[in-house]
Every structure is written in C-alpha cells, then in structure tokens.
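Enquirer: In case you want the letters, here they are:
Protein chains: 2
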Amino acid sequence: MAEDSVDIIIDRIRSAYGTNRVEDALAILLELHPADRAEVFNLLTDAEKSALFSLLDVPTTADLLEELEDEEALEAIVSLSPERLADVLDEMEPDEAADLLGDLTLEQATAALAEMEDAEEVIPLLGYPDQTAGGLMTTSFVALRRHTTTEQAIQFLRQVRPEIEIPYYLYVVDREKRLIGVVGFRELVISNPSDTMDSIMDPDVRYISVGTDQEEVARLMTRYDLAAVPVVDDQHRLVGVITHDDILDVIEEEATEDIYRLANVFDTDLDPQSPISEQLKGRLPWVYLNMVTALFASWVITNFEGLIAQVAILAAFQSVVAGLGGNTASQNVAMIVRALALGKIDPKKLWKVTIRQVLVGMLQGIAVGIVIGFGVALWQNNLYLGVILALAMVGNMIVAGIIGTLVPLGLRAIGLDPALASSVLVTAVTDSAGFFIFLSLASLFITYL
Amino acid sequence: MAEDSVDIIIDRIRSAYGTNRVEDALAILLELHPADRAEVFNLLTDAEKSALFSLLDVPTTADLLEELEDEEALEAIVSLSPERLADVLDEMEPDEAADLLGDLTLEQATAALAEMEDAEEVIPLLGYPDQTAGGLMTTSFVALRRHTTTEQAIQFLRQVRPEIEIPYYLYVVDREKRLIGVVGFRELVISNPSDTMDSIMDPDVRYISVGTDQEEVARLMTRYDLAAVPVVDDQHRLVGVITHDDILDVIEEEATEDIYRLANVFDTDLDPQSPISEQLKGRLPWVYLNMVTALFASWVITNFEGLIAQVAILAAFQSVVAGLGGNTASQNVAMIVRALALGKIDPKKLWKVTIRQVLVGMLQGIAVGIVIGFGVALWQNNLYLGVILALAMVGNMIVAGIIGTLVPLGLRAIGLDPALASSVLVTAVTDSAGFFIFLSLASLFITYL
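Just so you know, the protein sequences line up as chains A and B, in that order.
The numbering of the first sequence is our numbering, which starts it at 1 and goes up by one.
The numbering of the second sequence is our numbering, which starts it at 1 and goes up by one.
No lab work stands behind these hints: they were computed from the structure.
These figures come from a predicted structure and were not determined experimentally.
Do not rely on the hints blindly, as some may be mistaken.
No distinction is drawn between identical chains; accordingly, a pair holds when it is met within one copy or between any pair of copies.
[To be verified] List time: in silico SDA-like cross-link candidates among lysine to any residue, alpha-carbon distance up to 20 Å: (1) Lys344 - Glu257; (2) Lys349 - Gly127; (3) Lys344 - Leu425; (4) Lys344 - Glu252; (5) Lys348 - Leu44; (6) Lys281 - Leu340; (7) Lys349 - Ser274; (8) Lys344 - Ile276; (9) Lys352 - Leu383; (10) Lys344 - Val250; (11) Lys348 - Thr196; (12) Lys349 - Asp7; (13) Lys352 - Leu32.
Produce the entire structure from the sequences given, and follow the hints as far as they go.
Expert: So, in structure tokens, the structure goes:
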C-alpha cells in the first residue's frame with residue numbers, strides 16, 4: 001500500500017473515531033488486507049487502538065496479532081481476558097501462537113494454555129529455540145498414508161478445508177509418521193481418482209531436521225527453490241512444515257543483522273524511528289569499545305611524541321596510513337561475511353582465500369602507495385616523507401588483508417558470528433599498526449625529514 | 001548438499017573421467033539435483049566441463065544453464081551450434097532463456113532466435129530491463145476464462161501438464177486478456193466439477209505492473225506472503241508471473257549490494273574467490289577515492305602544523321575525535337540504509353527522524369566525551385586537554401549525526417542508492433571535521449596546554 005493511501009485511511013478512521021462513529025472506524029479497518037491493517041493499526045494512538053481492538057472478533061484479532069511485530073502484539077493483548085486470549089490463540093497459526101506465548105510471562109502463558117482447545121498443537125512448538133527450524137515451522141499441515149487414493153485425499157481436503165494454511169504440498173508418511181514422500185496439489189489435480197499417494201508422490205523429498213539453524217533453512221530453500229519444506233525429528237517423523245514466507249523474513253533479518261553488526265549497531269530491532277533511549281542502549285556500548293581501541297592507538301602515538309615535536313608534519317599523514325588500511329580491511333570483512341552467509345566459501349580453500357585476500361591488500365597498498373608517495377613528496381617537497389608514506393601504506397595494507405580476512409574466518413571457526421569482526425575491532429588493529437609502522441619508519445629516517 | 005559430499009562426488013567424476021569412463025562420469029552428474037549438479041559442474045576443469053557438457057541431452061542442458069550464474073552459462077554455451085542452442089533455449093523457462101539471450105551478442109541472439117520454435121514466448125521478455133518485474137517474470141503461466149468449469153480446467157491442466165512450472169495459482173482473464181481473478185490449486189481440488197472459475201476465484205488479486213522495480217516487487221511479495229504474483233501491462237492485461245524463488249534471489253542480491261557498498265566494494269559479483277584482477281577493479285577505485293578524502297583531512301591538519309610542533313601530544317588524540325565520529329556516522333548510515341531498503345521510514349517523518357538521529361549523535365558525544373575527557377585529563381595530567389577533547393567529541397558527534405542521516409536520505413531523494421553514503425564519503429566529513437574542531441579548540445586554549 002502506498003504511503004499516501006495509508007495517510008488517507010488513517011485520516012478517515014480518525015475522523016470517524018473522533019465523531020464517535022467507532023463502528024465506522026472499525027469498518028474501514030476491516031476492509032484492509034491483514035498486512036495493511038496491521039500497519040494502519042500501528043499508526044493509531046493508544047486510545048484509538050484499544051477502542052478498536054476490543055471490537056474485533058476472534059478471527060480478526062488472530063489475523064492482526066499474526067501480522068504485528070512481537071512487541072506490538074504484546075501491547076495489544078494486555079486488555080484481553082485469559083479466556084478470550086485462549087480463543088484467539090486457538091485461531092492463530094500454531095507457530096505464531098507459540099511465538100506469542102513464548103513472549104508472555106510464564107503465569108500468563110500457563111493461564112492461556114489451560115483455556116485453549118488446541119493447546120496440544122502449540123505446546124510441542126514451545127520447546128524449540130526461535131531461530132531453529134522448530135521455531136519457524138507450523139504444525140498445521142496435511143499428512144496422508146501411502147495407500148490413500150487421490151479421491152480419498154480430495155474428500156479429506158474438502159472436510160478439513162478451513163484448517164489448511166499451506167496450499168502447496170501434501171506429505172505422505174508411514175505407520176510411524178515417518179516422512180516418505182511429497183505430493184504437489186498440481187499432481188493431485190491431474191491424477192486419476194484411483195491413483196494412490198504411493199504412485200504419484202515424489203519419494204525423493206528434501207527435508208530439514210528440527211534443530212537446524214534458520215540460516216541453513218533459508219540456504220536450502222533458496223538453493224532448491226522450495227515453496228515449503230517438511231521438518232522431521234530425530235526419528236525422521238514429520239513434525240512440521242516451513243513455508244517460503246517465513247524464509248523471506250529470516251533472510252531479511254539475517255541481512256539486517258550483518259549490516260548492523262558491520263556498522264557496530266548491535267540491536268537488530270533498532271531502526272531510525274526507535275526511541276532515543278533504545279538507540280543509545282544498542283549503540284553506545286560499541287562506541288565505548290571503539291573509544292578504548294582508539295585510546296590504544298593514541299597510546300601508540302604518544303610513544304612518538306618527541307618525533308612529532310621535531311617533525312610536526314608527520315601528524316598530518318599518520319591518519320592517511322591508518323584510514324586507508326581500515327578501508328581495505330573493511331572491504332575484506334564485508335566480502336568474507338557475505339560469502340560465509342551465502343555459503344560461498346569452500347572450507348577446504350580457506351588458506352587459498354586468505355592468501356588471495358592478503359595479496360589483494362598488498363597490491364592495493366602498492367597501487368595507492370606509489371600515487372600518494374609521489375603526490376606527497378611533491379606537495380611537501382620532501383622525497384623521504386613520500387617514500388616512508390608509500391612503504392607504510394604497503395605494510396599496513398598487508399596487515400589489513402590479514403586481519404580483515406582472518407578475524408571473520410576465525411570468529412566463524414570458533415562458532416561466533418563473523419560479522420562481529422566489525423569495523424571497530426578490525427580497524428583498531430589497522431589504526432594502531434598504521435600509526436606504528438609509519439612513525440617507526442619516520443624514526444629510522446628522521447635525519448632525512 | 002554438504003561440502004564433503006561435493007568433494008566426494010567430484011573425486012568420483014574425476015576418477016571416472018581420468019580413466020576414460022566419460023559415460024560413468026556423466027551418470028554420476030545426472031544423479032544429482034539440478035542445483036547440486038550446477039555446483040559440481042562449476043568446480044570441474046574446463047576440459048572436464050566441455051567433455052561432459054557435450055554429452056548432456058537438451059532438457060538436461062537447459063536445466064543446467066538455468067542453474068548456472070550468467071557468466072558461467074555464457075562460457076558453457078560457446079561450443080553449441082545455433083540450432084542446438086535454439087533447442088536448448090526452447091526447453092528453458094522463457095524468463096531464463098530471455099536472460100541468456102540478453103547476454104549474447106546481437107548476432108548470436110538473432111541466429112538463435114531465428115532457429116527457435118517458441119521464440120514468440122521469449123521475444124516480448126527481451127525488451128524489459130533485468131531489474132524490473134518484466135525482467136523477472138516468466139510467461140509460462142495458466143490463464144483461464146471466467147466461465148470455464150473446474151472440470152474443464154482440470155482437463156486442460158492434464159493436457160498441458162509438461163509446460164506448467166508454476167504450481168500454485170491459475171489466473172482468470174477476460175476477453176481482452178485483462179486479469180480479473182486468481183484461483184489456487186487448492187480451491188480447484190476442493191470445488192465441485194461444475195463450479196465455474198467465476199464462482200471460485202478471488203477477484204481481489206494483487207498484481208504488479210511490468211515496469212515495477214525488483215526491490216518493490218520483493219517488498220510486496222514479502223509483505224503479503226505471496227508465493228507468486230501476476231504481472232500486468234498498462235492495459236491491465238496479464239503478461240507474466242513472478243514466483244517466490246525469483247524474489248529470494250532479489251532479496252539476497254539487494255542485501256549483498258547494500259553490505260558491499262557500505263564497505264566500499266562496488267562490484268556486487270565479487271567474492272573472496274574472485275580473481276585478484278577483478279577484485280582490484282571493483283575495490284581499488286574506492287580506495288583511491290578514500291585516498292583523496294584522506295589527503296583533504298591531512299591538509300586540514302597541515303594548517304595546524306605550528307600548533308602540533310608546540311604541543312605534539314595533540315597528534316595522539318586528534319584521531320580519537322575523528323574515529324569515534326566516523327563510528328557514529330556509520331551507525332546512522334547503516335540504520336537509514338536498512339530502514340529505506342525495508343520501507344520502514346515514513347517520508348512524512350524525515351525531519352523527525354533526522355532530528356532524532358542528530359540527538360542520538362549528540363548524546364553519544366556527551367556520554368563518550370565525559371568519560372574520555374576525564375580519562376585523558378588524568379592520564380596526561382592535563383585538565384584542559386581533557387576538556388578540549390570532550391568538547392570536540394560532542395561537536396564531531398553532532399556532525400556525524402547530521403551527515404550520517406542527511407547524506408543517505410539526500411541520495412535517496414535525488415534517486416541514487418542511499419548505500420553510496422558509504423564509510424568513505426561520510427567519514428571523509430567526520431575525519432576532516434574532527435581534526436578541525438579539535439585542533440581549532442586547541443589553538444584557542446593553547447596557553448593552557
């Protein structure tokens with residue numbers, strides 16, 4: 001929905017609400033697609049929200065809660081009685097209901113579960129961590145036995161109609177509920193009524209284990225262009241299904257996480273409209289960390305205080321060496337982080353990759369060193385300053401190549417997020433090394449400067 | 001497929017090929033899922049590739065080309081005659097065939113099109129830019145008229161069986177081929193044979209215009225959880241369909257682009273395994289740009305050469321002011337870039353967002369300034385140095401807040417990618433401003449230092 005139509009709709013709702021036509025305001029809200037309704041709802045005032053929310057019927061409330069962000073959903077449900085909340089949770093997709101229950105206090109969650117009719121669909125999901133296949137999957141899927149005919153399958157689908165939310169595939173399981181095949185709705189449509197699932201299913205079905213990390217799930221579904229993937233437990237029993245829309249959210253979440261971590265914003269939920277206090281909580285600790293690393297680099301320079309007092313011009317160029325090293329290191333980190341995220345680095349070739357990235361750093365150092373060395377030698381009319389600058393540039397770019405590659409690879413190797421090798425940590429090294437190399441070289445050649 | 005199984009398969013292919021059992025090598029390749037086959041194929045030597053490629057039948061060749069990256073596909077097809085290439089293109093999905101044709105020389109493309117049987121499916125796609133809905137969509141979809149019954153539709157599907165590659169929806173069009181509704185395969189399954197499309201279709205179908213940018217397509221499909229979206233021309237005629245798997249690629253591409261641009265890597269196709277010469281081509285120009293901005297910052301410092309000669313310790317702390325400013329600016333840029341990419345900033349609230357981000361910068365400046373001011377005053381036993389450092393920090397963080405917010409927003413406003421406000425450009429300002437503010441303050445208070 002375009003921005004201006006959102007504004008128009010909010011104005012209409014507001015003017016209806018403001019003149020006590022709450023029912024009219026509700027009618028406008030109900031006309032919208034659930035995704036748009038959630039956006040509009042979010043932009044209302046608290047008073048408007050609670051007035052309208054209390055008028056929604058159970059299915060509409062369930063839809064709205066599914067579309068709202070976790071925190072917004074929590075705010076919206078405070079006014080609901082445990083009985084009403086249980087009705088709404090029964091109506092929600094089991095995976096969404098489990099997510100919401102997981103955000104409640106233990107007391108609230110227990111009260112709601114006690115009142116729910118379909119609690120048994122949701123309870124198994126509560127045990128899975130959010131960022132695993134188990135946390136993403138829904139338990140509302142259709143599983144058939146191998147001797148079921150197409151006709152029986154269609155009959156069955158007509159009966160359970162309102163419950164199916166995954167319109168792409170049916171799964172075939174054996175007596176022990178172990179996954180043995182998949183049937184697309186398309187095959188169902190074009191088969192003979194007497195064909196059994198056995199004969200029309202694809203037995204070579206791709207599946208995911210329930211504990212698999214969500215990034216791995218996203219990679220598999222992207223790679224094989226899957227609209228949905230079945231999830232099995234350690235006995236190979238079918239326990240859930242993950243659909244493409246869950247994966248889109250995961251991919252966007254993971255990209256945001258990488259972008260934020262590389263820029264030292266460590267709370268992925270932040271955006272420019274987040275309250276100032278939350279922004280400071282998610283950003284300031286890393287600025288403080290940067291302060292510590294920057295002071296370390298300052299300490300490196302203080303060791304050359306006498307040198308700088310003699311040749312003050314060095315102070316003008318030390319930062320160029322440090323800064324360009326940081327630039328090259330950041331390039332390396334970004335490339336390694338992204339390649340790891342997309343599964344593009346062959347673990348057998350880590351050394352080859354490292355050597356290549358260091359070579360790229362060195363060549364960038366030579367390329368920039370020659371130009372800047374000449375330029376500064378002419379500008380400052382000081383050949384030795386140019387030579388020192390060029391040499392320091394090459395040296396620091398090699399450091400940048402090594403650090404920018406090994407730090408993210410090393411973090412990954414010990415099971416941490418490679419994006420933690422963000423600019424602060426890696427440039428801490430290139431800054432200090434840059435100052436040290438440049439000023440050390442200057443000390444050696446001080447008689448010529 | 002796990003990395004080790006890729007290696008095992010390559011070893012098996014290689015040993016078969018090495019002992020002249022090319023047919024065995026082929027058989028191993030053919031057992032794989034097309035996506036895995038493409039990965040394995042890519043890792044073979046040129047000689048192995050061309051030997052095996054020439055043995056593939058037309059449908060397998062088509063599958064392989066669909067899975068390979070653009071450049072790899074171009075390399076693979078050089079050995080094909082125009083006739084053979086035409087057969088393969090006929091077998092490919094129309095959108096994939098159009099992509100490949102678009103990468104050929106005009107001469108090659110014309111020769112292949114002249115030989116193709118289904119050229120009329122592909123030709124309309126050639127005119128659409130790659131990054132628009134027209135460039136993403138396929139023309140192989142099923143469109144039915146409103147009076148078609150479920151039974152007729154199923155009959156029709158049984159006939160065209162091999163051609164449908166979009167197993168989720170059927171579209172309903174009027175006499176002028178204008179889109180009027182959508183029917184899921186699920187509805188088809190559970191309807192009565194005599195129901196017409198009219199009665200079971202959802203007339204409120206979401207669609208995309210053929211010229212829409214791919215990022216906008218991705219946003220719409222993510223927002224409304226669509227597995228496929230129909231594409232219409234300016235007469236509202238149905239011209240194609242975009243499926244969820246195309247969108248996954250778009251989302252990953254856009255995220256890579258943002259991450260790379262923010263880190264000053266300007267060729268999105270690069271990864272750590274790219275040849276050194278290509279890496280230098282995509283990275284070095286931005287290091288040179290950084291060199292220019294860094295030299296500008298150096299020039300700022302040269303204006304204070306006399307000051308630094310007197311108080312050399314200033315050289316140790318000037319970089320702290322510059323660096324922390326750069327850190328805060330990068331945080332702002334990342335947050336704005338990501339929020340714009342995900343459509344999270346309300347254009348009516350740009351000023352509110354800007355003011356908030358500047359306030360965050362100022363507060364971070366105060367928070368860091370107090371700590372670092374005290375710390376350095378004690379460390380260097382120089383109260384005024386601490387005060388100057390603290391004041392400069394606040395000043396530069398305000399600059400960082402302004403630049404880190406306005407530059408990406410401004411780039412967007414003039415139609416450029418906000419991620420171009422990458423670290424080099426924004427930190428050029430925070431570096432120069434940091435040096436200038438700190439050293440100017442030091443000049444004012446020089447008698448106390």
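Enquirer: If a hint holds in the structure, say so; if it does not, say that too.
Expert: Now for the hints, and whether the structure bears them out:
no., hint, verdict
1, Lys344 - Glu257, "both (18 Å within a copy, 16 Å between copies)"
2, Lys349 - Gly127, "neither (38 Å within a copy, 41 Å between copies)"
3, Lys344 - Leu425, "neither (24 Å within a copy, 29 Å between copies)"
4, Lys344 - Glu252, "both (18 Å within a copy, 13 Å between copies)"
5, Lys348 - Leu44, "between (54 Å within a copy, 15 Å between copies)"
6, Lys281 - Leu340, "neither (28 Å within a copy, 22 Å between copies)"
7, Lys349 - Ser274, "between (42 Å within a copy, 13 Å between copies)"
8, Lys344 - Ile276, "between (38 Å within a copy, 17 Å between copies)"
9, Lys352 - Leu383, "neither (37 Å within a copy, 51 Å between copies)"
10, Lys344 - Val250, "both (18 Å within a copy, 17 Å between copies)"
11, Lys348 - Thr196, "neither (46 Å within a copy, 58 Å between copies)"
12, Lys349 - Asp7, "between (53 Å within a copy, 12 Å between copies)"
13, Lys352 - Leu32, "neither (55 Å within a copy, 28 Å between copies)"
In this structure, the earlier hints numbered 2, 3, 6, 9, 11, 13 are contradicted, and the remaining ones agree with it.
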